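Peer 1: Following the hints, position chain B against chain A.
So the sequences go chain by chain: A and B. Position 417, counted from 1, in the first sequence is what this note's numbering calls 417; the numbers after and before it change by one each time, with no gaps. Position 230, counted from 1, in the second sequence is what this note's numbering calls 230; the numbers after and before it change by one each time, with no gaps.
It cannot be assumed that every hint is accurate.
Any copy will do: because identical chains look the same in the list, a pair fits if it lies in one copy or spans two.
To be verified - With a straight-line cut-off of 35 angstroms between C-alpha atoms, the simulated DSBU-like cross-links for lysine-lysine are: (1) 309 - 16; (2) 16 - 156; (3) 389 - 305; (4) 309 - 389.
In case anyone wonders, no lab produced these hints; they're calculated from the structure. Bear in mind the structure is a predicted one, so any value in this text is a computation, not a measurement.
There are 2 protein chains.
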Amino acid sequence: MLILSLDRESPVPAYKQILGGVVRLVDGGSLAPGDRLPPTRVLAQRIGVHRSTVLHAYEELWALGYLESRPGSYSTVRRRPRTMATRAASPETAIDWQSAATPAARAAQEAALRLARLRPSPHNVVDFSRLAGDRNLAPAPELQRCLRSALLAESKDLLDYGEPAGYRPLRETIARRMRIHGVSVSADEVAITGGAQQALDLAIRTLTRPGDRIVTESPTYSGVLPLLRFHGLEPREIPMRQDGMDLDALERLLANERPALLYTIPNFHNPTGITTSQAHRERLLALCEAHRLPILEDGFEEEMKYFGKAVLPIKSMDSRGLVLYVGTFSKVVFPGLRIGWIAAPRACTDVIIAVQRTCCLSGNSLAQAAVHRFCEQGLYEAHLRRLHKAYRRRMQAMLHGLAEHLPAERVSWTEPQGGYTLWLRVAGWRHGEAELYDRLLRDGVKVSPGSLFFSQPPPEPHFRLSIACLGEGEIVEGCRRLGRSLRAALEG
Amino acid sequence: MLILSLDRESPVPAYKQILGGVVRLVDGGSLAPGDRLPPTRVLAQRIGVHRSTVLHAYEELWALGYLESRPGSYSTVRRRPRTMATRAASPETAIDWQSAATPAARAAQEAALRLARLRPSPHNVVDFSRLAGDRNLAPAPELQRCLRSALLAESKDLLDYGEPAGYRPLRETIARRMRIHGVSVSADEVAITGGAQQALDLAIRTLTRPGDRIVTESPTYSGVLPLLRFHGLEPREIPMRQDGMDLDALERLLANERPALLYTIPNFHNPTGITTSQAHRERLLALCEAHRLPILEDGFEEEMKYFGKAVLPIKSMDSRGLVLYVGTFSKVVFPGLRIGWIAAPRACTDVIIAVQRTCCLSGNSLAQAAVHRFCEQGLYEAHLRRLHKAYRRRMQAMLHGLAEHLPAERVSWTEPQGGYTLWLRVAGWRHGEAELYDRLLRDGVKVSPGSLFFSQPPPEPHFRLSIACLGEGEIVEGCRRLGRSLRAALEG
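Just chain A, same shape as in the assembly:
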């Protein structure tokens, strides 16, 4: 006798439950080929459903090859060439997916595994490694209001496919905000992307071919190095100095090579925190103009200037139209919404939008509309002011803490004028960066290993320290631990 029970609370329709039940019995061997199913009328009565429901299930079982013939008076289980695959049935796969994946994809996986190994933090550690706006400061209720008002006003548009270039009013808002930074772009020159990372990916997909060279600072953003490797690009790393990328070295390089792109982070450079001067930007732009080298300017923390004087983006001086500017909301508000953008000359933006359409159709319109409202209502500016106030104090606490606790004769660090990160260099340590990293972690302080930010790490250990997610008290305690641990290591 067929044992089948129905879960009337389940959202799964009754006929699908019957179908699934019979399939399990056949695949599990409880029903064998030649066995008869109960007549539809009988089963319907037994489990308390309408006969048509059982008929529907039997019809589908027949179509799936579980029954010998269409349901009539008797339905017989068929000798089925295949059953649905179950976990037990697949001990090994027909394909070695590691070899099937491209070398580039495998390299991406190795990079991800390296990062994953760094991730777990022991209990009670001061975590200087996280670089994302402090989630405790995220204005969630305000966002909720913006989401609601966006849905009320235009749910039909927002829930349907959007434009590949992004939600038009947000493109206008971004163009307006960029004008505050001296950049003169129209909404048509702005393409909204799934965060700054997707913006970098799109720019690279649009403008480079495998084997192309790309100039970067050294060190540079750890997330761009795997991306370049994934695209088969050859990084040409120009050392960072106190005032930014070494422009003499760049000039020498450009005299001999023709790279496809130059990638730079002029504000609160990741990892060092260095902001370049107006004069540095002018010379960098002039060099690139002379060599017609497109600049990919990463302005990921443009708005996080809270000490000293603002310096305008390179894009603000781009009268010849060779700068692609990448921006993002993620370092100020809501990284989880994944909203970044590219602002570039119209002809370039148009191609990027076409690539975006080809590869992902469009982005999340609802999130874009909510962020647009968030800016329009002045909530973004208000939040930015709160952040500036908080991080001014945090950075001061950090700089005081480092000065007080670190052995300055062996350890040096940058003094950023905004943003979240500082860069620390340890002189005269001979046992490798990994060992020092582990030691710091054991002593209750987590940092980012400097080697993540170089494709060829230098002999001396470097660490990036981020104050993004730490309160002042934690920062002071972190500096104390850092000082104690480094002193012990360097003296030991």
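Peer 2: Frame of chain A, contents of chain B only:
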């Protein structure tokens, strides 16, 4: 005298307004090199702000190269080598972006332009071209509730960077839903993507190299052809027959070639609407297993079976682990949220997730959490039942309308068992598909040109008809117009 006004309602801080004002005066020529700015105290009094605000603005002007020296008693406008770029200053760009873009990116742009030309619809047209869930049926208030409850419960997590693989509970929900379709996968084998299109892009990026061959049906999904071209792949097109891809032709192809991937849409094939049988799926899978050819199964309308018997996905029989299944919520609910997924053997999913991390870090967690709640509360199943009811009637109206109005001796069409699209073939028309398309449009009915779905269009015109966004009345009227227009064209 310096003319500067302050907008006190603006969210832009006062010092930035002063800064912007001076910059405009200098760049516009109203202030010349050598001109003096008013002392900070004087300007502060004049416009009614604290002196430190003016000082802040002057400090920044100095840093930007607009002043000769740091603000003291007198601040003099500097002869600045560059001004901020303005639109007027950039008549031509230093870079020809069309040549800078890769051939693949340019091809993507050409495809986008071709599509854009099709987009505008004259007034009062019956639009059989849109393929997206009917926005009038979208359950927006229910989604709003899910968004709110997700934000209330876990705003900190959802607004922060998420996992590259996607929101864990939604991965579990998807795995559970796939089990209803006979597919046995765990949440670890599911990677959430930005819609099905991004899923296809990721699979291709992970598993293919330029020059690789990929088997597709012919015709096939119009959005996959530009994607293949973008990736430099060579499509090997296998003709569609009444019962699906011609498997004899596939067998002959595989005897001679070694493609990297096979792409198939077994349910409500786009554009034809054909669903393959259990037997067809078994033979297709057996062929691919014999040649160790990975299958990319596009289940974009898996749940839109509303007539006849269900056939389980190829993935449900994948005991050897060579099927990558692509799914999406976009054809049932909320395409604007961009949520799709790949379900593949764990080793393959792991690489795909690493590629996703490398190229875009993570997806939109908030949207994923809202959709998870939407499913969990039974709203998805309820909505699906409403859709089935509506589209059963719409498809019936369509099939009756076509039978009644179309000249069956010259025009043939498919009779799908679900989904949104039908495929129409016109025999004996010698003037080209574009001409017939234009004629239909003039006669008030918009369709999708069949040539979009082939890389080498056949001589006879084909059209895809979608009933996704049309009520029954519109469908009937559309069939009437279609019949009238086609008869006139074919007789004329």
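Peer 1: Let me make sure I understand: some of the numbered hints might not hold for this structure. Which ones are they, in numerical order?
Peer 2: Checked against the structure, no hint fails, so every one of them is satisfied.
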